[in-house]
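Engineer: Sequence:
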Amino acid sequence: MVNCLVLGIGYWYYGELSQGKRDRGAPRKRFKDQLKRQLTQAGIDHSEWEALAEDREEWRGTIKTAADNFEEGRKTAAAEKRQGRKDSASQPVTDTTLTCPSCSRACRSRIGLHSHQRACRRASTSSQ
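So in the UniProt record's numbering, the last spot in the sequence shown is 128, and the numbers never skip.
Restraint ranges, calculated between C-beta atoms of paired labels, are given here:
hint, residue 1, residue 2, range
1, R22, Q117, 41 to 47 Å
2, R24, K81, 19 to 25 Å
3, L35, A77, 19 to 25 Å
4, P27, E57, 34 to 40 Å
5, K75, I111, 36 to 42 Å
6, R122, T97, 21 to 27 Å
Lysine-lysine pairs mimicking DSSO-like chemistry, simulated, CA-CA at most 30 Å apart:
hint, residue 1, residue 2
7, K29, K64
8, K36, K81
9, K36, K75
10, K36, K64
11, K86, K75
12, K75, K32
13, K75, K64
14, K32, K64
15, K81, K64
16, K29, K75
17, K21, K32
18, K29, K81
Hints in this document: simulated from the structure, not taken from any laboratory.
Just so it is clear, CB atoms sit at the ideal spot from N, CA and C, and this is done for glycine as well.
The whole structure should be built from the sequences, with the hints applied where relevant.
Structural biologist: Shown next as structure tokens:
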């Protein structure tokens with residue numbers, strides 16, 4: 001009876017694993033690691049932030065300046081990314097004409113031409 005129970009649990013346990021989903025991406029960072037990364041991104045030396053935070057007025061000014069700089073950089077990066085998308089969208093499409101050799105129909109892509117040629121062959125064999 002115990003073997004059946006263990007076997008039953010084993011089947012249940014492995015069945016759950018085969019159907020479950022694993023979290024994607026890297027493991028979650030600790031608070032300390034997140035703080036260190038964010039201070040570095042803001043341009044604040046992570047080894048001296050405690051001494052800087054002792055003077056509240058200076059700390060508030062430092063944080064405000066860092067937040068403003070970070071936000072300005074974020075906006076600039078977003079604008080550059082947006083401009084890059086607009087530039088790539090406005091570039092003319094290279095005119096590669098893909099024409100069917102049997103009926104001279106112009107296709108927009110290689111796969112479209114391939115599919116059309118198959119249909120053309122079928123139509124020509126059925127009409128004969």
